[in-house]
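*Asks:* Here's the letter readout for the chains.
Protein chains: 2
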Amino acid sequence: MTFTSLTLAHGGGGFRTERLLREIIFPILRPGKSAAMDDSAILAAPGDGRLAFTTDSFIVSPLFFPGGDIGRLAVAGTVNDLAVVGAKPLWLSLGLILEEGLEIETLKAICQSIRATADEAGVEIVTGDTKVVERGKGDGCYVNTSGLGRVLCEPPPSLAGARAGDAVILTGTLGDHGAAVVARRESLALDSPVQSDVAPLGRMLNALVERFGSAIHTLKDPTRGGMAMACHEIVEASSVQIELDEAAIPVRREVQGICDLLGFDVLEVANEGKAVVLCAKEIAEAVVEFLAGFNCGKRAAIVGCVVTSDHPLVLLRTRIGGERLVAKPAGEILPRIC
Amino acid sequence: MTFTSLTLAHGGGGFRTERLLREIIFPILRPGKSAAMDDSAILAAPGDGRLAFTTDSFIVSPLFFPGGDIGRLAVAGTVNDLAVVGAKPLWLSLGLILEEGLEIETLKAICQSIRATADEAGVEIVTGDTKVVERGKGDGCYVNTSGLGRVLCEPPPSLAGARAGDAVILTGTLGDHGAAVVARRESLALDSPVQSDVAPLGRMLNALVERFGSAIHTLKDPTRGGMAMACHEIVEASSVQIELDEAAIPVRREVQGICDLLGFDVLEVANEGKAVVLCAKEIAEAVVEFLAGFNCGKRAAIVGCVVTSDHPLVLLRTRIGGERLVAKPAGEILPRIC
Chain D
1 MTFTSLTLAH
11 GGGGFRTERL
21 LREIIFPILR
31 PGKSAAMDDS
41 AILAAPGDGR
51 LAFTTDSFIV
61 SPLFFPGGDI
71 GRLAVAGTVN
81 DLAVVGAKPL
91 WLSLGLILEE
101 GLEIETLKAI
111 CQSIRATADE
121 AGVEIVTGDT
131 KVVERGKGDG
141 CYVNTSGLGR
151 VLCEPPPSLA
161 GARAGDAVIL
171 TGTLGDHGAA
181 VVARRESLAL
191 DSPVQSDVAP
201 LGRMLNALVE
211 RFGSAIHTLK
221 DPTRGGMAMA
231 CHEIVEASSV
241 QIELDEAAIP
251 VRREVQGICD
261 LLGFDVLEVA
271 NEGKAVVLCA
281 KEIAEAVVEF
291 LAGFNCGKRA
301 AIVGCVVTSD
311 HPLVLLRTRI
321 GGERLVAKPA
331 GEILPRIC
Chain E
1 MTFTSLTLAH
11 GGGGFRTERL
21 LREIIFPILR
31 PGKSAAMDDS
41 AILAAPGDGR
51 LAFTTDSFIV
61 SPLFFPGGDI
71 GRLAVAGTVN
81 DLAVVGAKPL
91 WLSLGLILEE
101 GLEIETLKAI
111 CQSIRATADE
121 AGVEIVTGDT
131 KVVERGKGDG
141 CYVNTSGLGR
151 VLCEPPPSLA
161 GARAGDAVIL
171 TGTLGDHGAA
181 VVARRESLAL
191 DSPVQSDVAP
201 LGRMLNALVE
211 RFGSAIHTLK
221 DPTRGGMAMA
231 CHEIVEASSV
241 QIELDEAAIP
251 VRREVQGICD
261 LLGFDVLEVA
271 NEGKAVVLCA
281 KEIAEAVVEF
291 LAGFNCGKRA
301 AIVGCVVTSD
311 HPLVLLRTRI
321 GGERLVAKPA
331 GEILPRIC
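As you go down the protein sequences, you meet chains D and E in turn.
Counting from 1, one number per residue, gives the positions in the first sequence under our numbering.
Counting from 1, one number per residue, gives the positions in the second sequence under our numbering.
Hint data in this document are derived by calculation from the structure and do not stem from the laboratory.
Glycine residues also receive a C-beta, built at the ideal position from the N, C-alpha and C atoms.
Any given hint could be a false lead.
Covered, in the sense of this in silico footprint (three residues per stretch, anywhere, with C-beta under 8 Å from a C-beta of chain E), are these stretches of chain D [what the hints assert, rightly or not]:
#, region
1, 19-28
2, 47-57
3, 134-140
Derived pair list, reagent style DSSO-like, types lysine-lysine, alpha-carbon separation capped at 27 Å [unchecked claim]:
#, chain 1, residue 1, chain 2, residue 2
4, D, K108, D, K33
5, E, K33, E, K108
6, D, K281, D, K298
7, E, K328, E, K281
8, E, K328, D, K328
9, D, K328, D, K281
10, E, K298, E, K281
11, E, K108, D, K108
12, D, K33, E, K328
13, E, K281, D, K328
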């Protein structure tokens, strides 16, 4: 008996769940590994250091978009959440919530993408869970990934670590992920289709922290809410003010075009393969040069600076020389993006 | 501006997401704690022992049922998955997937239950994520909890640890959770309403492992697929055969009544506050006595034994003296139960 689409019985915990796991999911995610079904993975604690622990659920629509898919997004998102607290990502859990009727070929494609991205990031999927919800719920597939990593330096970079005088560095172009998803969703006919930037940044950010240590004050991946929200989280946690320089922020022409067309502020659009780096001004050029040595850091640039202030504001020096407040995003412009 | 139900904007990552977290969720889950919003929690690794890591998504319908709710279920389920591999549960992550339109009062009740159950189990919610999906997609609320614990003994109990001659012990009555949920779902009018058994078993199972060490060969919580699936997983992982004694299995009269009414085999019904314990026959009586010292182990009983076999079967000696094969559940009888 073969099956080509999911039924509710695949989520019931009986032999159909087991077949789904043993025939479809495990061979892709853990080829050649024992299919031990114990309820927890058992892992050797890494020395006497500290651990980083994170979780994220992914609910992107559509499931596949130019440059990526929900599987790559789920692995990269969790790897990046570990990397921005200065941790080396080691182990991931995978919680799948699947919709009745989902094509098995679709599920396999998602699992293959999870596997490939985990390999790319050097992490292992060590435990998981699979549930099935009724047709019409769940939107094909929701993915939760939780992650564990080893903290590489003390004190680790944190949102509260920014200081007056820091440079604000962006590791690459802004808005690619959100623009790619919305262009696919709106079926925009574009000359040069925009690709999502979704990528695991663990290797680059780990190397950065190993090279510069605690001189890296803050790392943040600007996902939901984009660069605007990332900056607001930093200024509030650190009680500082950030001034961004619009002309210095790298944005692809076609991404800016989509934002102009749909009325989005590129500062609010989600990114899934970028990080904001705050460090002392003196090492900023060296940090940019270091980042540029990595594929996902090629377009790194200094885009602003941190100043003392009683008001935790984010300001933008515009191209035409003016200055405007960057508002905290309200958040409804692009739902279901990551 | 107050809000009484969720909007998609609450999931957008902007200031509405922040308000949801800071005004509703954090005050319940982490009262008095800093509302640090870094992407990962940073935790001290416990000595040089091993860690257990698990994940589970919960999709129960209805969200509130006699004896519990999705919040208690999510914490207990993950605590129990750690406890059955012989680990002391320490830290939990919380991934909420909320449906647009969910009443804020409902969300608060779920968070309060999560908090109370975490306190009861002695675990801390250290990191989380909140997403909002369109009306009609998420069934109110899905909850993912991942968990980390410290392994208490080596080798830890495992599905593959069962040996011929072991006694099979159940820590209490069978079928309470599934029966309670389905009775509420079907609006069965019952004289004595059935309560779910949902409970964190960490303290009891940790104490058991600390008392008897590696003489506890296997622990398993019989959730989806029930006792039948739990036994099948054990016989397959351990290459043994299990013989259960129907007359020895504790089942509440009202639970048996619901099963008879709806045509369910109580062996296949989900439990959320029970464990199957396999240990050498010689210590079985002492284990039962030890379990009976805990509230959730009061009705512990020896319900079967493990025998050598080339065929990993589960057999049931029936009340009338016959013997039947216990099939591996197909899994569709009770969807959306945990």
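*Asks:* For the pair supplied as a hint, K108 (chain E) and K108 (chain D), is the alpha-carbon distance within the 27 Å limit?
*Replies:* violated (37 Å)
*Asks:* Mind taking a look at whether chain E covers the region 19-28 of chain D? Criterion is 3 or more residues with CB to CB distance under 8 Å.
*Replies:* It is violated, with 0 qualifying residues against the three required.
*Asks:* Are the Cα atoms of K281 (chain D) and K298 (chain D) separated by 27 Å or less?
*Replies:* Distance of about 20 Å is within 27 Å: holds.
*Asks:* Can the region 134-140 of chain D be counted as covered by chain E under the rule of three residues or more with Cβ-Cβ separation shorter than 8 Å?
*Replies:* n = 5 at 8 Å, threshold three: holds.
*Asks:* Is it true that the CA of K328 (chain E) sits at most 27 Å from the CA of K328 (chain D)?
*Replies:* Violated, at roughly 53 Å.
*Asks:* So if I understand the rule, the pair passes when the alpha-carbon distance is 27 Å or less; does K108 (chain D) with K33 (chain D) pass?
*Replies:* holds (18 Å)
*Asks:* Are there three or more residues in the region 47-57 of chain D whose C-beta lies within less than 8 Å of some C-beta in chain E?
*Replies:* holds (count 11)
*Asks:* Given the hint that K281 (chain E) pairs with K328 (chain D), does the C-alpha gap stay at or below 27 Å?
*Replies:* violated (64 Å)
*Asks:* Is K33 (chain D) within 27 Å of K328 (chain E), Cα to Cα?
*Replies:* At roughly 24 Å apart (the allowed maximum being 27 Å), K328 (chain E) and K33 (chain D) satisfy the hint.
*Asks:* Next pair to validate is K33 (chain E) with K108 (chain E); report whether the Cα-Cα distance is within 27 Å.
*Replies:* Holds, at about 18 Å.
*Asks:* CA of K298 (chain E) to CA of K281 (chain E), is that 27 Å or under?
*Replies:* holds (20 Å)
*Asks:* Could you grab the alpha-carbon distance between K328 (chain E) and K281 (chain E) and see if it respects the 27 Å cut-off?
*Replies:* Distance ~26 Å between K328 (chain E) and K281 (chain E) Cα, so the pair holds.
When held up to the earlier numbered hints, the structure conflicts with 1, 8, 11, 13 and fits the remainder.
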